[in-house]
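**Student:** The task is simple: from the sequences and hints, build the whole structure.
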Amino acid sequence: MTEPVIVSDPPSAGPVKHEDLKLLQEVILRTPGDPGLEMCIQCGTCGGSCPSASAMDHTPRAIFAMLRAGMREDVMKSNTPWMCVSCYYCTVRCPQEIHITDVMYTLKNMSLESKVGGNSTASDFSKTFISLVENYGRSFEIGLAGFHNVKHFITRLPSMTPMAIGMLTKKGMSPFPPKRIKGMDQLKKILKRAKELEAV
Amino acid sequence: MTDYLYYPGCSMESSAKAYEASVEAVCGPLGINLKEIDDWNCCGATEYLSLDTTPAYSLIARNLALAEEQANGTRTLLAACSACYLNLSKADHYMHEDKAFGKKINEALAAGGLHYDPGQLVIRHLLDVMFNEVGLDKIKEKVVKPLTGLRVASYIGCMVPRPDYNKHVSDTEHPYELDDLLKALGAEVIDFPLKTACCGGHMTQIGPDTAFELIRRLISAADEYKADALVALCPMCQMNLDAFQGQMNGYFHTNYHIPILFFTQLMGIAFGKNPEDLGFGSELVSAHEAMKRIGIQTPEPVPAKPVAKKPTGLPMPPPRVRAVQQTTGNEEAS
Chain A
1 MTEPVIVSDP PSAGPVKHED LKLLQEVILR TPGDPGLEMC IQCGTCGGSC
51 PSASAMDHTP RAIFAMLRAG MREDVMKSNT PWMCVSCYYC TVRCPQEIHI
101 TDVMYTLKNM SLESKVGGNS TASDFSKTFI SLVENYGRSF EIGLAGFHNV
151 KHFITRLPSM TPMAIGMLTK KGMSPFPPKR IKGMDQLKKI LKRAKELEAV
Chain B
201 MTDYLYYPGC SMESSAKAYE ASVEAVCGPL GINLKEIDDW NCCGATEYLS
251 LDTTPAYSLI ARNLALAEEQ ANGTRTLLAA CSACYLNLSK ADHYMHEDKA
301 FGKKINEALA AGGLHYDPGQ LVIRHLLDVM FNEVGLDKIK EKVVKPLTGL
351 RVASYIGCMV PRPDYNKHVS DTEHPYELDD LLKALGAEVI DFPLKTACCG
401 GHMTQIGPDT AFELIRRLIS AADEYKADAL VALCPMCQMN LDAFQGQMNG
451 YFHTNYHIPI LFFTQLMGIA FGKNPEDLGF GSELVSAHEA MKRIGIQTPE
501 PVPAKPVAKK PTGLPMPPPR VRAVQQTTGN EEAS
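Residue numbers (our numbering), protein chains in the order written: chain A, 1 to 200; chain B, 201 to 534.
Hints may contain errors.
Not everything, but these chain A residues come out facing chain B in the computed CB check (under 8 Å) [unchecked claim]:
| hint | residue |
| --- | --- |
| 1 | E141 |
| 2 | M163 |
| 3 | K182 |
None of these hints come from the bench; they were simulated from the model.
Where is the CB? At the ideal position from N, CA and C, for every residue including glycine.
**Tutor:** Given below as structure tokens:
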């Protein structure tokens, strides 16, 4: 007798919990506008159109099936939304006109809240980017790239040196943080209130 | 002169200074008066949307509210960066479509004494304005130095044609605007199949292997079609294809050399502007050779100094100097 071949990982969280049966609805409600996710016909056009599908552990189609099945932990652990490059190919090609890219953003938000997984490199990049924006009101590209790559890709730094030098000399990018916007207090107040509203 | 509200975006002040300079240089002659929004903030790119929804949209909406306040008769908000353009139109679109969501964002804005009425502004990308408002006839009139003989790949990228909430662009996957504009400048435009393919976006920072593959596809396609340069309209695309081209070459053991230019830089050349005022020379993959072909002198690349090796072992006669082979970029290591 040969061992049965396991094609994909079995659900890790065991039996589906009752509250997770509404997982699909939760994703839909958290996405601005009407994403139309319940209309998915599992055709796979999204995964076939995706430029970074090869880096994903589940294709978008599989993720939508897993949402329907209430496999919360598996979806939250998946790196799929984090590999999304926001190219919107899936969104315009979907025969059911589902706002797939927006759903991916929602899944990223939920995966950070759930604390079970996600992709630390990707979520760290977002966090570093935003901490700089929340501080200066503008993004600080050199600081972001430097900080992020030292933290996550330290072995790649030698190969990046010529590029970094080019950025500073040819492109004339400043190694210093940008000037703070005048309305920094206003922006902080807006974001503070927005975070309270998000939590509701 | 027509007034337009203008949202430059952070890249224009750091990595895409060439875009900023060339946009300013070509807008004047075409009668576009850019009124920069006072005290704008970062749009959050694709990163804030990944973390939190309401704060991300509020960050974008602050710009919309400021623009509406400062509108003074104009309704069109212009962005030159594709990601900024999409974020601004995305916030406007969803605040309009989903009333409850719009109310929530306005509640956050109210904490800073701001308010935005969704639908008040028409958000457009610079290419769209050039093509549909200024028009090719007017652009042709200004051409004094046609780009005859320059073979270019027109690359639009993702975020202008998709999802294109307000249907400003001709097609989601094969739009013709940039092709026609470059043809109007006299350039030879190749039928580039990857016109709206992805440049890798933020993957250069989170999954470099994936990013290099996406960059390779674009660069190798442009090279196969024998393009002299690839023309982009987004700071992110330009940065990925230009700055990471060397690393991509290292990763795949290839030797591509495709300069990446902004479409406004080529417009400026065709309008007879000085290349240095258009930010030429700031690209990491030098456009010197390509521009020389049509008789434009741009700053020469600084030749990389060969690393001097210390002599080791027995004294040997100096190596014979081999004739330098012309590299075409086609020689992928097998």
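**Student:** For each hint given before, does the structure comply? Return the numbers of the non-compliant ones in rising order.
**Tutor:** Per hint list: zero violations.
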